[in-house]
Amino acid sequence: MSRPETSAEIAALYQEMILDHYRRPRNKGVLENADASVQMKNPLCGDEIGLQVHFDGDGVDDLKFSGRGCSISLASASMMTQLVKGKSSNEIDAIRTRFRELMLGDVTAATDTRLGSLRALSGVARFPARVKCALLAWNALESALAQRAS
Amino acid sequence: MNLRADFPLLAGSPGLHYLDSAATSQKPGVVLDAIRDFYETSNANPHRGAYSLSVRATECYTQARLDIARFLGVKDAASLIFTRGTTEGINLVAGSWGRANVRTGDEIVVTALDHHSNFVPWQQLALEKGATLRICELTGDGRLDLDCMRELVTSRTKIVAFNHVSNALGTINPVTDIVRMVRDQSRAITVCDGAQSAPHLSVSFDDLGLDFYAFSGHKMLGPMGLGGLIGRRDLLEQMPPYQSGGDMIEFVYDDRTTWNVLPHKFEAGTPNPANAVGLAAAVAYLDRIGMDRVLTHERSLMAMAEERLAAIDGLRIYGPPIGQRSGVVSFTLEDVHPHDLATILDGEGVCIRAGHHCTQPLMRRLDVTATARASFYVYNDEADVDALLAGIMKARDIFGYVPA
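Residue numbers (our numbering), protein chains in the order written: chain A, 4 to 153; chain B, 6 to 409.
For the record, the hints were derived by calculation from the structure and aren't laboratory data.
It is possible that some hints are incorrect.
[To be verified] Restricting the straight-line Cα-Cα distance to at most 30 Å, the calculated cross-link-like pairs of lysine-lysine (DSS-like) are:
no. : chain 1 : residue 1 : chain 2 : residue 2
1   : A       : Lys31     : B       : Lys80
2   : B       : Lys399    : A       : Lys44
3   : A       : Lys135    : A       : Lys31
4   : A       : Lys31     : A       : Lys88
5   : A       : Lys135    : B       : Lys399
6   : A       : Lys44     : A       : Lys135
7   : A       : Lys135    : A       : Lys88
8   : A       : Lys135    : A       : Lys90
9   : A       : Lys90     : A       : Lys31
[Unchecked claim] To spell it out: a stretch of chain A is covered by chain B in this simulated footprint if at least three of its residues, at any positions, have a beta carbon under 8 Å from a beta carbon of chain B; those stretches are:
no. : segment
10  : 71-83
11  : 95-108
All residues carry an ideal CB built from backbone N, CA and C; glycine is no exception.
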């Protein structure tokens with residue numbers, strides 16, 4: 004039987020910053036003239052995220068997301084859009100890899116400043132059932148980057 | 006009714022509030038003992054050996070079928086086919102009767118209340134055969150719209166599939182009324198998903214008038230991996246086998262094979278007598294409680310929970326009134342996503358289901374992606390309701406609910 008989570012872990016999960024991004028998501032909406040558009044579902048819960056990306060040279064110039072989801076998936080999407088805007092695809096790959104490590108419980112990632120506000124999601128690693136929620140937007144971004152590459 | 010001590014997992018986990026019995030039930034010690042006893046005293050491959058141990062295994066398996074058939078009101082126990090569960094039972098009907106009888110232009114009626122396991126097999130059969138899938142819509146309070154069904158069932162209809170009790174909302178459907186309507190208006194067969202009724206209601210297959218009824222043992226205190234399909238003997242005898250292999254044959258010639266009698270024709274391969282014995286112990290346990298008391302107990306807990314839930318601002322309960330439901334309270338809380346709610350409740354030791362409940366067509370019609378579902382069974386008590394409510398209030402605190 005899995006151990007019920009403790010109150011302290013619940014409090015660490017639902018940090019103010021996560022609830023703030025959930026309530027007031029950044030970069031939510033539809034992007035005009037997007038170069039790549041991805042629709043991705045979490046089959047576990049039926050939640051869905053749409054992601055639209057505009058590229059400029061090697062980097063992501065602008066991006067917006069849409070959809071319904073839980074606080075973890077929407078906060079992750081919102082923070083992701085803030086962090087990757089204006090970054091090169093190499094920089095984004097590095098951040099994405101680091102974020103995955105954070106979700107797998109890598110404690111060094113939790114203090115890595117390259118992850119910016121995403122570090123607020125470090126508590127998710129204690130909830131294996133919720134890691135998929137946090138990664139949904141990132142999987143959509145990976146798919147959008149692959150669309151451009153092909 | 007205080008049965009918690011009968012369930013080793015619950016007895017060993019004080020502070021755990023298990024409210025997900027619609028997904029799977031906990032198992033009483035008598036079920037675990039019966040399975041262990043089979044392996045310790047009677048284990049051999051049934052129907053095979055000439056030696057006495059194999060005979061004993063066969064007797065255990067046969068007796069378990071008789072006990073489970075009696076519990077579900079089936080006189081002809083050979084028309085109870087053991088399967089892995091409800092899903093396999095429905096796929097058996099779709100794959101065997103469906104493939105043999107459904108043709109281009111035919112129609113199959115399912116409902117918007119069905120679990121994917123009683124929806125997808127029919128959708129796929131229709132696609133394969135060029136038949137048309139028709140979906141019976143719901144009333145505003147989550148019951149089947151029988152007027153809609155009356156319009157859908159015609160002489161073109163070959164199959165009408167529906168559930169006895171909805172896993173997502175708990176709605177109890179009027180099976181005998183539906184069967185009568187289908188008989189009056191068509192020559193269609195009726196296929197009923199009984200996964201949520203066999204555990205909670207007194208079910209008599211012979212009185213319901215159905216052609217097929219599928220159920221899962223693990224939702225009714227039995228072990229995982231064993232359930233059954235009950236069918237009308239004349240239909241089962243006409244149907245081709247679903248899977249072929251050992252045990253289901255009579256004679257195998259180089260160029261053809263003849264089939265064993267019921268129920269063996271549909272039970273290819275080594276059967277699962279240990280789990281059948283376990284499920285027989287489960288239905289004996291339910292019989293000792295009495296299915297009327299099971300329903301009364303669940304309804305009293307649901308009423309208690311619902312009265313308190315209804316008092317919470319922004320909490321919405323789905324489905325018809327309690328008198329037309331069994332076991333399930335499905336709800337949403339303002340803008341707190343059901344997954345967040347389930348995580349916070351888990352922190353309080355409360356296990357609920359959050360998600361689409363394998364009913365995406367229903368979720369679309371309710372215009373939600375997910376609901377939170379608390380489901381009750383024989384071992385639940387008032388302390389579980391208290392913990393559920395305390396957890397919901399905590400979720401509201403975390404998500405910063407501001408009283409109006």
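Structure-based check of each hint:
Of the supplied pair hints, the one linking Lys31(A) and Lys80(B) is violated, its CA atoms being roughly 61 Å apart against a limit of 30 Å. Restraint check: the Cα-Cα separation between Lys399(B) and Lys44(A) comes to about 29 Å, which is no more than 30 Å; the hinted pair holds. About 20 Å separates the Cα atoms of Lys135(A) and Lys31(A), which keeps this hinted pair within 30 Å; it holds. A threshold of 30 Å between alpha carbons decides the hint, and for Lys31(A) with Lys88(A) the separation of about 13 Å falls inside it, so the pair holds.
Taken as a hint, the Lys135(A) and Lys399(B) pair is honoured in the structure, with Cα atoms around 24 Å apart against an allowance of 30 Å. Proposed proximity of Lys44(A) and Lys135(A) is supported: the alpha carbons are some 11 Å apart, at most 30 Å. The suggested pairing of Lys135(A) with Lys88(A) holds, with an alpha-carbon distance near 23 Å, which does not exceed 30 Å. With a CA separation close to 24 Å, the supplied pair Lys135(A) and Lys90(A) stays within the 30 Å bound.
Note on Lys90(A) and Lys31(A): the hinted pairing holds, with a Cα-Cα distance of about 19 Å set against a maximum of 30 Å. Closer than 8 Å: that is the beta-carbon criterion, and the segment 71-83 of chain A has 5 residues meeting it against chain B, so the requirement of 3 holds. Only when three residues or more bring their CB closer than 8 Å to a CB of chain B does the claim for the segment 95-108 of chain A stand; here the count is 0, and the claim is violated.
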